[in-house]
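There are 2 protein chains.
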Amino acid sequence: MTLHVHKYGGTSVGTADKIQNVAQKLIDEKSATGNDLVVVVSAMSGETNRMTELAKKMQVTPSAKQMDVLLSTGEQVTISLLCMALEELDQRAVSYTGSQVKIITDDAHTKARIEDIHTDRIQADLAQGKIVVVAGFQGITAEGAITTLGRGGSDTTAVALAAALKADECRIYTDVDGVYTTDPRVEPKARRLDKITFEEMLEMASLGSKILQIRAVEFAGKYNVPLRVLSTFVEGDGTLITYEDEDMEKALISGIAFNRDEAKVTLAGVPDMPGVASAILKPISNANIEIDMIVQNIAEDKTTDFTFTVHRNDYKNTVQILQSICTELGAEKVIGDDKIVKVSIVGVGMRSHAGIASQMFSALADEGINIQMISTSEIKISVVVDEKYLELAVRTLHESFGLSQE
Amino acid sequence: MTLHVHKYGGTSVGTADKIQNVAQKLIDEKSATGNDLVVVVSAMSGETNRMTELAKKMQVTPSAKQMDVLLSTGEQVTISLLCMALEELDQRAVSYTGSQVKIITDDAHTKARIEDIHTDRIQADLAQGKIVVVAGFQGITAEGAITTLGRGGSDTTAVALAAALKADECRIYTDVDGVYTTDPRVEPKARRLDKITFEEMLEMASLGSKILQIRAVEFAGKYNVPLRVLSTFVEGDGTLITYEDEDMEKALISGIAFNRDEAKVTLAGVPDMPGVASAILKPISNANIEIDMIVQNIAEDKTTDFTFTVHRNDYKNTVQILQSICTELGAEKVIGDDKIVKVSIVGVGMRSHAGIASQMFSALADEGINIQMISTSEIKISVVVDEKYLELAVRTLHESFGLSQE
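Line by line, the protein sequences give chains A and B. Residue 5 in my numbering sits at position 5 of the first sequence, with consecutive numbering throughout. Residue 53 in my numbering sits at position 53 of the second sequence, with consecutive numbering throughout.
In case anyone wonders, no lab produced these hints; they're calculated from the structure. It is possible that some hints are incorrect.
Dumping the calculated EDC-like pairs for lysine to aspartate or glutamate here, alpha-carbon to alpha-carbon at most 20 Å [what the hints assert, rightly or not]: (1) A:K18 x A:D125; (2) B:K57 x A:E47; (3) B:K18 x A:E53.
All of these numbers come straight from a predicted model, not from anything done at the bench.
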């Protein structure tokens, strides 16, 4: 028997009508394929924000433990309503909260990690022909405390359930119809990919193509769960995220990712000696500021420039911290710019091909785009450029690497 | 250590401000008395109706099992918000859903009965000085299905917890400041009772003084839990519901109850033979119509008149059913009246005093109020009169039995 796990997010179950639409889709799918179906659902869109507002009225910094008790009610509402809709269409269904399944997590409230999933009851329900509806985003500690997995955690629930149940496919239904070579709002010629590897998807996701939660993709990769992203509202096959295989499209580059949320800061004229990098980054890290790219070039005249990027929201705070340690470190000055973007090319194909970097840089140079920072990993190359060049850079690279539609 | 269980209903926790008010009250109480406190809360007012509307959009007759999954989220929201409000005021608190406590019930979804309550975790929390906040209205079956106790079930949760924890008092906070001798909207001289017995409270409650859920009062009586009804919004000692004791006010009558929701129907000229009463009531019962008073007088001319009262909403249906069996039973005709009210005097004092009934009837007769039906129990006497006499009858009896304020 083939088993599929489906996941429907908040916008897919945002109204009574939409929940009924999901119920009908599930029944159609079951009657067309005969597949066993487990469905993971999120809270109805808007509910999480409504509850968060209530919590903020209660407590300046709402207790993480109580936030989990509060927010987990959102998915519980959805599972009951979806089961009702299925039963109204004469489909037997059963609902489970995270605690009922049991989805056992650690006790890191609001960002818990799944440790174990009991599947015996779900398997018994499937054997009886029931559609099993599970609340996403939530679990329970071994001691019985309610936990949540953090925003987007329903994706993780779906993948973890698929892994635990050894499902044949995990389908993430969302409001986009797949993973694109880049954002179609920036490059209208962007093309939906039929397949992408887990590694590429991770780079695309972390670089700002916010379709899937990173942890869900990592989990799927780790347990080799074929993952498919597709639209709740439009028919289509979506994009399959899987391991690299022989059939994989022979493209060098799978997509162009970008991120408009970054700012860069430089501590210039830093003495080139051991321990400097850590002395710079420690106070940043103590202020809970996350760092993305870090670039330090070779020293000239026994000093060097140390540059990194942070989220734009942390820009001012970061500059202040650097100014406070500048003299102490014997550095020259602090320079910064929050009008930058990061543009990246991603593809497992670049591993075995030389010349990808130079093709990227010369394509940008041909358009007069100055590269301010460069950072590379095995399957991606990122550059920081002035934000005014974002659209031009993305379209240029999309064309240069042959990603555009016919 | 003295332990009190408090219960706050939906209107007492209906907004963020009101939840903060409850938190402050609890902290004031704890610091003034040093009592251990367990707090049972309902869903915020309006939430249950909102969710019921959603359910009706999903399923013509929503599944009882799924309704329980849905509705139990209401109290879960309140427990988390109340804990946040307590923590914001530097009071340590812990929240429990019915499933977390565990409040074990049977599997009669939407009207489950409590079978067992585990108290070890709550007792450990109390020993650490925490205020324990429990979701009312809900439980879990031995198999792990979520159940609810039916409307008003939070009172039952509070009393059952008080019994299981051997609490010194169970306080039901509501929007009235106690139990009155009668409804102050009908008789402005109505007086708040300091004490009332469980039995009297049961008669008052079932007769339309809708302050406490009947099952909660029964439970409190059975396990001898002192129960106090008092206002969330006004200071005061409320009314203590307890067993009859020496100190009890020596009143013959504790209160005047009434019910405007009834209608009476009579099957006249019924042959006086065995099995007739059951032949009349069986089709009524089959139509799920509940019967309150039943009166059948001695037969004259081998026929009798059989009269009973039903809820006004069931009046037309009841008359139709009786008409359909009238000929079959050889009865004469069906008569009915839905412009009636029931007025009752309630008091454990009447047990040992003769003449209470005649005092009641003559007080009504002095005002020209005709009595249409009479029914008595050990501690109450009820009469049915024309609804136009309701206020007059209540005020006359209130005065006659010395219940009015000085």
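Hint check results:
1. A:K18 x A:D125: It is violated: about 25 Å lies between the C-alpha atoms, which goes past 20 Å.
2. B:K57 x A:E47: Status holds; Cα separation ~18 Å.
3. B:K18 x A:E53: 16 Å, holds
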